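Q: Listed below are the residues making up each chain.
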Amino acid sequence: MTARRHSAGGEQEFAEERASLVRITFGPLIWAMHFLLSYAGAAVFCAKFPHASEHLDLLVWGIGLATLVALAGIAWQGQRSFHQWRKGNEDSLIEEDADGSSEDRHQFLGHAALLLAVISAVGVIYTALPAFLTATCR
Amino acid sequence: MTVADPERLGRPIPAAADRFAAPAPSGPFPPTPEMLAEPVPPDLAAAQEDRLRKAWKAPSGWRYWSAVNNSEVGVWYTLTCLAFMLGAGVLALLMRVQLAVPENGFLSADRYNQFFTMHGSAMMFLFAVPMFEAVSILLLPALLGARDLPFPRLSAFGYWCFLIGGVFVLGSVFFDAAPNSGWFMYPPVSLQQEGVGPDIWLLGLSFIEVASIAAAVELIVGTLKCRPPGMRVNLMPLYAWYVMVVGGMILFAFPPLIAGDFLYELQSGFDWPFFDPERGGDPLLWQHLFWIFGHPEVYIIFLPSIALTAMIVPTFARRPIVGYSWIVLSAVGTGFLSFGLWVHHMFTTGLPALSLGFFSAASEAVVIPTGVQLFAFVATLLAGRARMGLPMLWIAGALAIFTAGGLTGVMVAIAPFDWQAHDTYFVVAHLHYTLFGGFVFPVIAGAVYFYPVVTGRMLSERLGRWAFWLIFAGFNIAFLPMHLTGLIGMPRRVFTYPAEMGWGGLNMVSTLASFVIAAGFAVLVWDLLRAAWVGPRTSRNPWNAGTLEFVPDPDENWGTRSIPYVHTRYPAWEQEAFVERVDSGRFYLPDAPEGLRETLVTSVIDARPLQVLRVPGPSWITHVAALFTAGAFILPVYHLYWAAGVSSALAILTVCVWLYLSARSHPEAETKDAGLGLRLPLYVSGPSSVGWWAMWITMLGDATAFASLVFGVFFYWTARPDFPPEGAAMASGTLAVAALVALALSWALTLTARVVNARGRPWTATLCLAVAPLLAVAGGAALLGSVWLPDLDPTSHVYPAILWAIVIWTLVHVGGGIIMQLFCLVGLLAGDFTPRHDAPLWNITLFWHFLALTVLVTVAVVAGLPRLL
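Heads up: the protein sequence lines correspond to chains Y and X, in order.
Residue numbers 1 to 138, in the UniProt record's numbering, belong to the letters of the first sequence in order.
Residue numbers 1 to 869, in the UniProt record's numbering, belong to the letters of the second sequence in order.
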C-alpha cells in the first residue's frame, strides 16, 4: 500500500462507513419525515388554506398518500435489510453469537435495519390514524 | 491480510495529488493466534511498565487539579453531580416539610417557588444529564480498551465549566435570588419575576448546556474512533451503542433550547417581543422549543441507565445478552421516536385536536422499543443461570418502579386523560416513577457494580441492602399515594392548601416517607465515601464480567496495560488467555518509549487500526478558558455587558492559544511501531483525524440550533395572522445578495487554501487566507446593513425581531469563521502549518461549509421569504 492510496482511501472510507451506519437509520428517518409532514401539513393547511374546515378530505387524502409513500419506502428498506440479514443464514431464525467476521457485521447491520424498519412502519401507521379518526381543524 | 479490506484492494483509487498525505498503516492485521501466543520477556514487560507509569502519572500536590485524564476528571465529575443531586434533594425535603400539613408556614410562597424551580432544574441539568457524561467519561475508555478519550482537555474544560455554572445556578437559592417559575420557565409568568432569577436560569444553564454538548462530542468521537482494533460495531458493548445514540440526541435536543434561550434573553434583556402577543409574539414558541429539548431529554436520561442495565444483566445471568440487535433497535428507535413526543407536554395549551392526535400516537408508539429492551433483559435472565447480587437488586427495583411509571405514562399520553391529570400530583408521581426507575436506581446499580473498577474496593453488602430497602420502600410509600392526591385534585406547585380539601393525610404520608428515602441516601453516600478508604480490596473482576472495563488494574493510571485485539462481545469470557495477554503487554501500544500519552484510533465500522494518537497531559489552560467562558455567561446576568464582552474576548483568545499550541506540535516521526508488527502514522488530517470528526459533529448541533430559529419564522407564520404585518419594511435585498456573494467568495477562498496547500503551494494558500477574512468582514457588514439600513426596529414587532435574531446568529458565526481564517493564516505564515501538517485547514474548511449553508438560508429567509409571503 502506498501513501497516496491510503489518503485517497481516507475520504472514501469516511463515505462508505458513514453510509453503512446511516443506512440503518433510513426507516426511522422516513418515519420522521412522514411525522413532520403530517404535523406541519395539517398546521399549515388549517391556518392558511381558504375555508380549510370544508375541505378536510383534501388533508386526509394528502396524509393518506404520504402514508402510502412512506410505507412503500420502509417496505423497500425492510426487504433490502432482510436479504442483507438472511444471506448465508437461511435456516435458523436464532441470533448466533457474534464471531467477529465482516460477514457477521454485515448481517448484524441488516438485522438492525430490518427491526428499525418494522418499528418505523408501526410508527407511521400510528401517526396516520388521527388523520382518519379525528380529522378536524379545531 | 493487511490493514485494508480485501475488497478494497481491487478497487481503483481516485487520483489525488497527495505527496503530503500521511503514510498508510502497514503490517499484519488482524494478528494471528501464534503472534498472540508468543510470551513477552518479563524484563521487557517490567521496563515497559515503568515507562507507561511515568507517562501516565497523575500530577501530585496542588498540581493534581491540573489533571485532564479521564480517571481523574471522571471521578470529579461524578462526585460533583452527586453533590448537586444531594443539594437538590434537600430542597425536595424542605418542600415536603412545607406540604406535610395544611396551611403550613414553614416556607413562604416565593421561597417555595424558588425551591421547586431549583429542584427540577438542578436534578435535570446538574445531575441527570451530566451524570451520564460523568460516568461515560469515567468508564468509556475502559469499556473500549482505550487509554483515554480523544480530547482529554475538552473533558476537563467541560468539567470546570460545569462546576462553575452549577455552583452559580444552585448557589442562587442561598441568596433568595433563584428563578421561581418552574424548571421550564414558561413566559409570560417567568418574564414577570423581578431580579436576576430568570437570567441566572437562562445564562447559567446555557453555559452548562455548552459544556454538555462538548462532552457529547467527545463521547461520540470516542465511541466511533477509539475502539480497540477488531471491535466492529456489532461487537461493541451495548453501553457504547447507547452513548452514541444519546450523544446524537444531545446534539439535536440541546440546540433548540439554546436557540430558545437566545430568543428569551433578547426578550428579557432588550425587550424584543418574541413571546409578547401584543406585538405579534407568541409564548407558545418557547414551549415548543423547550419541549423539543425537554422530551428527548427524558430519554437522554433514561437510555444511559438502561445501558448500565444492559452491562449488569449479562454478568449476573452469566451469559451473553439475548437479542443484541433487538437492543440496538430499541436504543436507535427510542432515540428517533423521542423527538416526536414533545407536544404531549402541551396537551392543554389549546392546540388543534389533530396535532394532539399525532403526538399522542407517537407517545404510544415509543412504548414498543422501550418495552423491547426490558423483555430482552428478562429473556437474558431466564436463559442464563441468574444469581443475585447487590447491583442486581437495584436493577430489579428499577424494573419494577420503571414499569409502574411507564404504565401511568401510557395513561397520560392519551390526551383526554391528560386534560384531567395535567398539572396535578398524578403527573408528579408519574415523572418521579419514571425518573427513579429509569435513572436513579440504575445509576445506583451502576455505582455499586463499577465501584471496584474505579477504586479497587467493594461496597458493603449489608449497608447496600439497608440503603436499597430504605429507598425502595420510602419511594413507594412517598410517591404511590401521590397518584391519588393528584386524582382527588391537588395541583402541582402550590405552596400550601386548605385543610378542608382533605389532602392532609396523604401529604403527611408522603412527607414521612420522603425522610425514609433521605435516610437511605445517607446510608448509601456514607458507604460510597467510607469504602473508598476502608472497603475490602477486591480481585480485579469481582463480578466475573465478560467485558473490557474490568480488565484494567485500578491501581495503575495508564488505563489498559496494552490495547487488546477484540473479536468477541465478551472478550474476558470468550477470548483465550485474554486478561493475561493484556496484562503482559502482548497487544498494542504496550510501551511509551517517548514518554508521551498515546491511544489508538481505529475505523468507524470495523475498527481497523488507523493511527497512534498522542493525547495531551495535565494543563492549566483549561481552567483559564473555563473561567473566562464563565465570565462571558455570568456577567451579563448583572448587566455588566462590557465586562462580559472583555471576558468573551479573553476566552476566545485563550482557546486560540490552547489550540494553536497543540496544532503546532508535530510528532517527531511519521510512523510508529504500535506493537504486533503494526506500523501506524502519528499525524493525520482531514476525515481520518479525530479533530475533523469533532468539528463535523459539533457543526451538526450548531446547524440544529440555527434550524430552530428558522422554525421560529415558520411557527409565527402559521400561528399568527399578522406575520409579516401589513406593509412592514423589508430587509434590503441588494445588500443581502451582496453579503451572500462576499461570504460565498470567502468560503471559496478558504476551500482553495486547503486544496492548494495540500498540493504543496502554501504561499498561494496564505494569499487566499489573507483575502478571505476581508471578504468575510465585508459580507458580514453587508448582512448587518441589510436589516439595519431599512430601519427594521426589533422592539416594534416580532417580525423584524426574528429577522434580526437570525442575522445576529449568522454574524456571530461569521465572526467565528474570520477568527478561524486568521488562526490558519498565522499558522501558515509562521510555518507551523505545512502541506503535510494541515489538519487545522481541513477543520476550518468544514466549519466554513456549514457557515456557507447558514448564510444561504439566512439570506433566503431574511430577504427572500418575506417577498414571497
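Check the hints yourself; a few may be wrong.
If we take Cβ atoms under 8 Å as the criterion, some of the chain X residues that face chain Y in the derived model are [said to hold, decoys possible]:
#1 Gly230
#2 Gly357
#3 Glu364
#4 Val367
#5 Ile605
#6 Thr718
#7 Gly831
#8 Pro835
#9 Arg836
#10 Leu846
No lab work stands behind these hints: they were computed from the structure.
Quick caveat, the model's predicted, so the values are computed rather than measured.
Cβ coordinates follow ideal geometry from the N, Cα and C atoms, glycine included.
Q: Work down the list of hints and note, for each, if the structure agrees.
A: To see whether the hints hold, each was checked on the structure:
no.	hint	in the structure
1	Gly230	holds, 6 Å
2	Gly357	holds, 3 Å
3	Glu364	holds, 6 Å
4	Val367	violated, 10 Å
5	Ile605	holds, 5 Å
6	Thr718	holds, 4 Å
7	Gly831	violated, 22 Å
8	Pro835	violated, 12 Å
9	Arg836	violated, 11 Å
10	Leu846	violated, 12 Å
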